[in-house]
Each structure stands twice: as structure tokens, then as C-alpha cells.
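Peer 1: Positions -25 to -1, 1 to 513 (mature numbering (1 follows the signal peptide of the UniProt record, and there is no 0)) are the ones given, in order, by the sequence shown.
What the hints contain is simulated information worked out from the structure, not anything from laboratory work. Warning: the hint list may mix true and false statements.
[Unchecked claim] Calculated cross-link-like contacts (lysine-lysine; reagent style DSS-like; alpha-carbon spacing at most 27 Å):
#	residue 1	residue 2
1	Lys184	Lys133
2	Lys151	Lys339
3	Lys151	Lys259
4	Lys274	Lys247
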Amino acid sequence: MKQVTSLCFYFAILALSLGAFYVHAEDPYRFFDWVVSYGTIAPLGVKQRGILINGQFPGPTIEAVTNDNVIVNVYNKLDEPLLITWNGVKQRKNSWQDGVLGTNCPIPVNSNWTYKMQMKDQIGTFQYFPSTLMHRAAGGYGGFNVLAREVIAVPYPKPIQQFTVLVSDWWNVDHKVLQQTLDSGKSMPSPNGLLINGLPSSASFTAQKGGTYLFRVSNVALTTSINFRIQGHTMHLVEVEGGHTMQDVYDSIDIHPGQSSSILVTLHAQVKDYFIVASSRFTKPVLTSTAILHYQGSKTAAAKPLPIGPTYHIHWSMKQARTIRWNLTANAARPNPQGSFHYGTIPIARTLVLANSATKINGKLRYAINKVSYINPTTPLKVADYFNIPGVFSLNSIKDTSPSGPEVLGTSVFDINLHDYVEIIFQNNENAFQSYHLAGSDFWPVGYGAGQWNATLRRKYNLIDANPRYTVQVYPNSWSAILVSLDNKGMWNLRSAIWPRRYLGQELYMRVWNNEKSLYTEYDIPANAILCGKAKQA
């Protein structure tokens, strides 16, 4: 009897120990409560209505660590339904949390919805912003930084401190007036200025001489590419949207709408203040915003002239883009050298050549991809797909290449087999600069070139060390090529990062799918999902 009792006691202790192990083994949770509301702001000296998060403009920065569970409870205190999207945060197996109208019903006025995301095997510098209407023109944006776990060494000197830098364009006009301008068939006016962390000239970053600091720079602008530089200092580019780079040294670097970069700066100069400069690219006139790099103990103000940066110079920017290369020997989120994935040797299952165009439909300005200008149905695509609701969208309602004929309104959805390896060519036949973001999967930008793409240009692709990212620029009358492994099941948004173009139809969705229903490949609809449109009766 004593032996049985001892064994029971032993197994009880073992069970408690195992239970404790599993509790402690769960990845950490980070909780955020956000109240999204209007408030009066005056970034360029003109009082106007802005979108604040917990009273802040820009919104609070989310700081997380690889594999953390991030829970964001959003209270919508605006006068219109709202969604927040997480630009570059992968949402593994979970397009339900992407925060766009193709996957989510918007959060009603005076209501809330909780985003539940895991930073699964991801690091990097990202951003968030409202994805509904033209809310993004009023603020509501912020930084989203995912740090590597302590057990995983980063491939660069550990910085003393990191700074989040958000560069945006700004209009001295209410966002609803801008929306009415677009709805009336007119094009978006030029911005009135640029901001760094919500200010045109007075943001400041304090650091110590001799120290090394990490600047996480995101372009959250609606229309404007920027060139970023720091007076009297060089910059080591160490990470781009989740991929460690070869740490080349730059005097200035282009960052296009929707893109983010991490830059390491060592303070080796004389103790005084220096200008941090962001200036617009491909615009006339050139817009400029400044901040201050303040050496601790400095009593000398920053002095002009500002460091010179490129203005139009398309070839300069394209050439620089080709220099951003992947660090194949560095670890990423997991202790797995990323060079072990030889992306350039994988057979391509499908090629999509996506051509953008500006047109008029029913007498109003619209933008299209492969002759289809996207319109949002009242029922999100993902919700309709889950409940098998007919009449919301049709698969392959957009062609793999641009057809002949006029542009039409439609709901564009590509049907993609899960795990297909896809080549996407962004063909820009306009004089306007383009930028595209793909949700759910990072990709390799393997080529940039002028004129029309054709298959012979594949020989110029970088099939060895192109740096993975989520947003790619396409220069005027040029093409950009990406390769992407579509291994993340769900309904994923591919959109213009030039927001007026996206608002007027330059976007589509990819249904990445197989017929196996398994939580290993995709999570079920969230228990707190908001239902709207035809799904209310589902």
C-alpha cells in the first residue's frame, strides 16, 4: 500500500511539473487597449481634425518579441466604421486578422473588436495604419517593431537604444474633403508637407557620443517616396521589413510608401546637434522635413546647409535598390540560416504580369490592375468564402496578364494553390511612380528594369541574395519582378501602397487555398468575428 501511495505521489508531482512546464513554455502575451478618436491637431500649423490613438498622434509604437502573442483591443470612437491593418506583420495562417475589407467587417461606431496575432517566427520593422476610406490621411498610424529573442544573436553590434521614425506626407485639408475629391472623379492634390513623427521640423532624438543606435524608419506616407539621411553621419542598413541585409554603408537611402528599414548609426562626430532629413522623391516641388540628432551635452544647434539628397533621379534610385542584398549567413527569427532556402532554384508554378492603369469609368477617375478596378462588396471575401455565400466574388475574375479592351469595375480574386511558387511582374506603363504591398507573405524582389518586361529579362534576375520584403517599388514606365512562395493559406490583399490609387481600385486579392481543412494550415473564424452584409444571415 505504501508503494502504491508513493507511486501516486510521484506521478502527481510529475504531472504538476509537466503542467508547470507547459504553462511556462507558452509564448508571452502583450495586451494593448486602444481608443481611436478624433482630436484637433496642427502638424503644419493649420488646425484640423486628426485621428488619435489613446490621444496620441502618431499612435503608440507596438514593441514585441518574436513569437509573442499581441492582443490589440480597438475601440472605435470615430463617426465611421474602422479597420486597422498591420503592414508587413505576416499573420501566419490567420488572414482573419489582416484588417482589410476583404477579410474583416469593419468595427462599427462606438464598438470594439480585438485583434489576436502571433509574431510567429518573425522579426523586423513594420507599421500599422487605418485601412478604411481615407482615414489614413488623418493619422491613426504608428510603428510596429518585432525584436529577436535574446537567445538569437542579431548580426550587428547591439545598439544602446532604438528609435522609431515615422515619415509621412500631410495635407492641410480634412480627410473627408480629400475623400470627396476622389469620389467626385478628381485626382488627389499634392501634399502640403512632410512630417517626421508627426512634426515638420522639431522631432528630436538624444544620443551619446561614441554610441551606436538603431533607427527604425518607416514610410507611412500616402503618396510620397522619401530619401532619408543624417547630417555628418553614414548609415549601415541592417534590416529591411524582416530580412537582415549585408550592412552596406549609405549616405542616404530611398524608402518608398509602405516600406520600412532599420539603420545603424554610430555617433562619431563632434558633440553638437545635427539635422535628420527626409525629402520627397519624384516630386516638384521637393518637400523636406527635418528632425534633430542631439548629442548628449550639446550646446550647439544644428546648422545649415542640409545634406543634399537626390530629387527625381530614377536611375539613381533603381541602382540603389539593386544594392540591398540579403545577409545569407545571418539568423533571422529562428536559429536557421536563411541562406539555406535557395529561392532561386525553385520551379515557378505560375507567372502573373500585373499592369496598372489610370482610366475613367462612368466619367470618374479610377485605377485598375489588368483592366479591373476593384470595388469592395458589402460582405468580406474571406467571410463569404468561409460560409459559402454565393454572389460575392468569383475566382480568377482577373486575368494572369492584362487583356485587351476597356477597364471595368469588379472584385478581383486570383485562385492560387497553397504552396505554389509564383512569379509576379508589376508592369508600370504610366509616368507615375508605383508601390505595391502583398499581405501574408514576404517575397524576393529579384529584378527592376525600364520599359516592357519579357521572359528574356529573367536572366538578369538576382537569384542568390535578393532581400525579402513585403512592399516593392515600381518606377515610371518600368517593371519590377518578385518571386513568392505562397505557403500561407488565406485570403490575402495585394494593393497599391499609393493610397489614392488603392482607394480608387488598384488592388486585388489572392485566395491561397487547398481543400484540406486543418488548423495546421489555417485557423478557424475567430469567435469574436463581426458579421456584416450577407453574412448576417449565415
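Peer 1: Look at each hint and say if it fits the structure.
Peer 2: Tested hints:
1. Lys184 - Lys133: Given that 27 Å is the threshold and the Cα spacing comes to 16 Å, the pair holds.
2. Lys151 - Lys339: Distance ~18 Å between Lys151 and Lys339 Cα, so the pair holds.
3. Lys151 - Lys259: 25 Å, holds
4. Lys274 - Lys247: 6 Å, holds
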